[in-house]
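Trainee: Take a look at the letters that make up each chain.
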Amino acid sequence: MFFYSVFKTLVGKTVVVELKNDLAIQGTLVSVDQYLNIKLDHVSAVDSARYPHVATLKNSFIRGSVVRYVHLPASAIDTALLQDATRNEPGNR
Amino acid sequence: MASSFFGFDSRLPRDRAPSLTATTAAPGRIASPNHSAPGTAPWAGAADPRNVISFHELEGLPAAPVEDDRLAHHDMPFGLPLHRTAPGNLSGGAPRTPRREDAPAMAPWGTPTRPPAFPGQQEHILADSMGQVSLEQDAFSKALGRLEAARRASQSHLPHYPPSPLASASPAPTTSSPAAQQPGAPQFVPGRTPPPGMGPGPYPGGAMSLAELEAQLMQQRQHQQQQPPPGAARSSPLPHTSAPPMMGAPAISPDGQLLPGLAGPDGSPFPMGMPPHMMGMMPPGMGMGMMMPPPHFPGAPHFAVPPPHMARDMPPHFAGMPPGMGPPPMMFPPPDVHPSMSLDEVERVMLEQQVQARMQQQMAMKRARRDARMRELSKYNGIMTQYEKDQIARIQISQLVTADPMKEDFYYQVYSSLRGNPTTEASAKRAPPLLQRGGRGGGSLQDQIQRIVQNAKKRPKATQISLEGALGTISRKTVKNPRQILQVSAGTANPTSATSTNLRVVPTAPSSKAHRKAALKAAEALYQLVIDIENLNRNQPTAESKRSLVMTEDGDERAMTLAEELESWERELTTAMDTLWGRLRQPDGDVDPVVLVLSCSKGKKLWPRLVRLLAPHHATMLALALFSHAQLLDVVQHSSLPALYAAPQLFPGLASSRPSIDALLEFMDATEQFMHHVVPPLVHFIADAPWNVVQSCLEVLLDRNDVVRLGASRAGLVVLTMLVSRAEILHQTQLADAWPDMFQRLFAELQGHYLAFFPLTNVPNLADELARHAVPAALLLQLQQATAASTRAGTPTPAPEALAKDPAAAAAVIDLYLTDDVHVWQFLAAMAVAAGVDQQYALVAEVRDRIVGNVAAGQAAAAAAAAAVPGDVASATLVEKAERSLHNVNLFLHALGLDASQIQA
Numbered sequence: 001m002f003f004y005s006v007f008k009t010l011v012g013k014t015v016v017v018e019l020k021n022d023l024a025i026q027g028t029l030v031s032v033d034q035y036l037n038i039k040l041d042h043v044s045a046v047d048s049a050r051y052p053h054v055a056t057l058k059n060s061f062i063r064g065s066v067v068r069y070v071h072l073p074a075s076a077i078d079t080a081l082l083q084d085a086t087r088n089e090p091g092n093r
Numbered sequence: 001m002a003s004s005f006f007g008f009d010s011r012l013p014r015d016r017a018p019s020l021t022a023t024t025a026a027p028g029r030i031a032s033p034n035h036s037a038p039g040t041a042p043w044a045g046a047a048d049p050r051n052v053i054s055f056h057e058l059e060g061l062p063a064a065p066v067e068d069d070r071l072a073h074h075d076m077p078f079g080l081p082l083h084r085t086a087p088g089n090l091s092g093g094a095p096r097t098p099r100r101e102d103a104p105a106m107a108p109w110g111t112p113t114r115p116p117a118f119p120g121q122q123e124h125i126l127a128d129s130m131g132q133v134s135l136e137q138d139a140f141s142k143a144l145g146r147l148e149a150a151r152r153a154s155q156s157h158l159p160h161y162p163p164s165p166l167a168s169a170s171p172a173p174t175t176s177s178p179a180a181q182q183p184g185a186p187q188f189v190p191g192r193t194p195p196p197g198m199g200p201g202p203y204p205g206g207a208m209s210l211a212e213l214e215a216q217l218m219q220q221r222q223h224q225q226q227q228p229p230p231g232a233a234r235s236s237p238l239p240h241t242s243a244p245p246m247m248g249a250p251a252i253s254p255d256g257q258l259l260p261g262l263a264g265p266d267g268s269p270f271p272m273g274m275p276p277h278m279m280g281m282m283p284p285g286m287g288m289g290m291m292m293p294p295p296h297f298p299g300a301p302h303f304a305v306p307p308p309h310m311a312r313d314m315p316p317h318f319a320g321m322p323p324g325m326g327p328p329p330m331m332f333p334p335p336d337v338h339p340s341m342s343l344d345e346v347e348r349v350m351l352e353q354q355v356q357a358r359m360q361q362q363m364a365m366k367r368a369r370r371d372a373r374m375r376e377l378s379k380y381n382g383i384m385t386q387y388e389k390d391q392i393a394r395i396q397i398s399q400l401v402t403a404d405p406m407k408e409d410f411y412y413q414v415y416s417s418l419r420g421n422p423t424t425e426a427s428a429k430r431a432p433p434l435l436q437r438g439g440r441g442g443g444s445l446q447d448q449i450q451r452i453v454q455n456a457k458k459r460p461k462a463t464q465i466s467l468e469g470a471l472g473t474i475s476r477k478t479v480k481n482p483r484q485i486l487q488v489s490a491g492t493a494n495p496t497s498a499t500s501t502n503l504r505v506v507p508t509a510p511s512s513k514a515h516r517k518a519a520l521k522a523a524e525a526l527y528q529l530v531i532d533i534e535n536l537n538r539n540q541p542t543a544e545s546k547r548s549l550v551m552t553e554d555g556d557e558r559a560m561t562l563a564e565e566l567e568s569w570e571r572e573l574t575t576a577m578d579t580l581w582g583r584l585r586q587p588d589g590d591v592d593p594v595v596l597v598l599s600c601s602k603g604k605k606l607w608p609r610l611v612r613l614l615a616p617h618h619a620t621m622l623a624l625a626l627f628s629h630a631q632l633l634d635v636v637q638h639s640s641l642p643a644l645y646a647a648p649q650l651f652p653g654l655a656s657s658r659p660s661i662d663a664l665l666e667f668m669d670a671t672e673q674f675m676h677h678v679v680p681p682l683v684h685f686i687a688d689a690p691w692n693v694v695q696s697c698l699e700v701l702l703d704r705n706d707v708v709r710l711g712a713s714r715a716g717l718v719v720l721t722m723l724v725s726r727a728e729i730l731h732q733t734q735l736a737d738a739w740p741d742m743f744q745r746l747f748a749e750l751q752g753h754y755l756a757f758f759p760l761t762n763v764p765n766l767a768d769e770l771a772r773h774a775v776p777a778a779l780l781l782q783l784q785q786a787t788a789a790s791t792r793a794g795t796p797t798p799a800p801e802a803l804a805k806d807p808a809a810a811a812a813v814i815d816l817y818l819t820d821d822v823h824v825w826q827f828l829a830a831m832a833v834a835a836g837v838d839q840q841y842a843l844v845a846e847v848r849d850r851i852v853g854n855v856a857a858g859q860a861a862a863a864a865a866a867a868a869v870p871g872d873v874a875s876a877t878l879v880e881k882a883e884r885s886l887h888n889v890n891l892f893l894h895a896l897g898l899d900a901s902q903i904q905a
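From first to last, the protein sequence lines are chains A and B.
Counting in the UniProt record's numbering, the first sequence runs from 1 upward without gaps.
Counting in the UniProt record's numbering, the second sequence runs from 1 upward without gaps.
If you are wondering where the hints come from, they were derived from the structure by calculation, not from laboratory data.
There may be inaccurate statements among the hints.
Computed list of lysine-lysine pairs in DSSO-like fashion (alpha-carbon distance at most 27 angstroms, straight line) [as the list claims (entries may be wrong)]:
#, chain 1, residue 1, chain 2, residue 2
1, B, 517, B, 602
2, B, 407, A, 13
3, B, 605, B, 513
4, B, 480, B, 389
5, B, 546, B, 407
6, A, 58, B, 521
7, B, 379, B, 480
8, A, 39, A, 58
9, B, 379, B, 521
10, B, 389, B, 379
11, B, 605, B, 517
12, B, 521, B, 602
13, A, 58, B, 379
14, B, 407, B, 521
15, A, 58, A, 20
16, A, 39, B, 389
17, A, 58, B, 389
18, A, 58, A, 13
19, B, 513, A, 39
20, A, 39, A, 13
21, B, 513, B, 379
22, B, 605, B, 407
23, B, 480, A, 13
24, A, 39, A, 20
25, A, 39, B, 379
26, A, 39, B, 480
27, B, 379, B, 366
28, B, 407, B, 480
29, B, 480, A, 20
30, B, 521, B, 389
Derived coverage of chain A by chain B (criterion: at least 3 residues anywhere in the stretch with Cβ under 8 angstroms from a Cβ of chain B; other residues may be distant) [to be verified]:
#, stretch
31, 5-11
32, 75-88
Far from chain A, by Cβ distances over 12 angstroms, these chain B residues were calculated [claimed, not checked]:
#, residue
33, 219
34, 347
35, 531
Glycine included, every Cβ here is placed at the ideal spot set by N, Cα and C.
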């Protein structure tokens, strides 16, 4: 539940999702679910010349298993709280 | 039959006469969702995939071969009709009665419900869901009402799309329902392609895709253009408003009756809502831009028949065609002319008409296209019932709901409570409807969740859910206990056996790796305890909070009362606090835990939280421990690092061990963390402390530490300053009688060493070093903030990120930081205030050179500012330093009652 919890706080922020096939998509996070599937709004590819087909998209639903990275805005994360939350994880207690 | 290049019969209507006559002679028709009157064109009902008629049986025509890719947009997935019944079997494919009433009563994941119970329901749902607000309601609803009546009269066309495996397994209802149909009416064989003669398109109703339609119409246009006069002649007697509808409009025959047999693929009389009035708007003249000329109709006698045929066949997104009845495209209606109008005016009127017509065409086309797109998108609506969707949502939610959100969902809960939850309201609104619809209505969301959780706990749940009719299983466990993919080996850590916790030997060498690890471990252990205590504090039982359950003697469960709950909570809290205190005061070998914990930055960051939790007497003891081991703190021990780094030649014996820039940066970071996290709580503590506490602190400090060493470090100086000033304040209010003696002692110890407290005056070659070594921006930010206190307000401070990239600028910041002597002057001022006159004299005598130096620098600041090259970092630094020196020395001089201006440099 940990990353699900983190992503829930990022709803509404602009993130860049990098997929395992090297496509990087920028958009505003609309929702996330328990499998870390991501819904983005106002989608645009970071390298739009290489991926022109993304230009037609407005929203996207990205399956969680194909995500490699999610680039977050640093200001949206409270690192001290994150450390605490990690300590609270069931595996670490 | 014409070639099946298109996959449909592409013969002209006039050549298709045999089929037409055949169908008009056909006995009856299956009432399809939208066509009621029997006896009308039999193919008309085939537009709805759910009630495809077996025209083949009717006419004996072979089925049109249809290519799979054409079916891609079509209600025949996989290229096959949904129900293949044996050809010629009229009764085998009889539609079944819907069993909608079965669905809710059966177990979840039992038989899925049928699509709408009566044919019009789908359109109603469609219409509602698509918010058809643009319809002209009156004629439409009247027409619809008539259709509904007719439809209900004949119950034979009940749609059964999509079929379910269970449905197909059960016996079809019977031939009795066909019997209820009009006698002799051909049965539906759903999914059969209509015979080619019945429709030009591959769709069940013979509807074409847009491309095909256009192709066809281009063809017809040519024919059309050859026969304008007949069209024109025919058009004049007809008022435009009664022209048969174009595609998508209800078929209203010239007498105003809704022409049955007109349907789009979804069976709606208004496939996408072209109200009758649209026909009036149908451009009487199709402009040049019009690509789709009205279909050519053979001749007057036939026109009643083909128009509905063509109208139906054309996909709904094709609009703007008064099929058959309108004037040919190139013809314009007779202009509204007076005999007295001039030729120019007539031309103008005609042009205007043309322009208007074109615009209307385009709008109508756009609307039709949009409607068609909506229809395509919603073609598969209604596959799952709302109940089934809620079922899945409930499964997902049941995996997500937690009995203790603070534990599982910690980050989100605390983050939103810190930032003021902007979204919790929205989420609370969203969640209850879902749960309520499942039959759990009533009660708050919390209660519902609690009920789910408790039910979950009671029944031993399987690890996998498999639902009837669904593929695969849903695994239950992985959300909270995800499978660990990375294997982190714990074998490399120092093994600590459970028995030897007290005999653990911690190496005292402060910079050794093992020492660092021990420090980190201690910090982590304390962190855990602090978090536990904070959680407990947060969850103090109140009157409204949930009670936990306890077993009674009878074996029943009973909720605890508030008193019991509070009691158990307090017990937990005290246990935790005791553990924490024990951990804090348990020496690990030789090292005091306070020193150990404070030797890593993690521990320094933890310190304020820790101190806040402790009871006052514990806090005092902790402060005493800190003071007694002050010189063991890392910030004190390494205080000579900057000097060693900057001027190794001054330390002949240690020249070989010049510290690296890394070590220097680390030291600076540690010092800043200490000042930022540890010092403020201490200041608070001392500022409120009574004299006896201050006295014990001072004693411990003086007894156990070398004050000179303390003074050499920035942190030590700050601590000393605090204590001295507090003591002096207390003394001045007559509370601290023993202070003067103690001060004497302090003064005597420090005598002669004040000069050693001053930091270096400059750090050479720093820029070169930094060019090879990146400085973390965060550190630079801290340093900037630290020096900002003593620099003149208003000096521009460049952003740390930019600084990190520019070694010269970064060097300037570090230089400023390291040469800041404000702490020394502050300490000296504190001492001066407490000192007697001759002690002050002695103080001044000791640091005279420094005073003079600072004053001179300050007085030269004006000149330096003038000489400064703007934008040059080095000269800006000089100016800053000069001003700062003046400011700092004044701190001391003012304590003495003097000022820098009184001193001649």
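Trainee: Run the structure past the numbered hints and jot down the numbers of the failing ones, going up.
Mentor: 6, 7, 9, 19, 21, 30, 35
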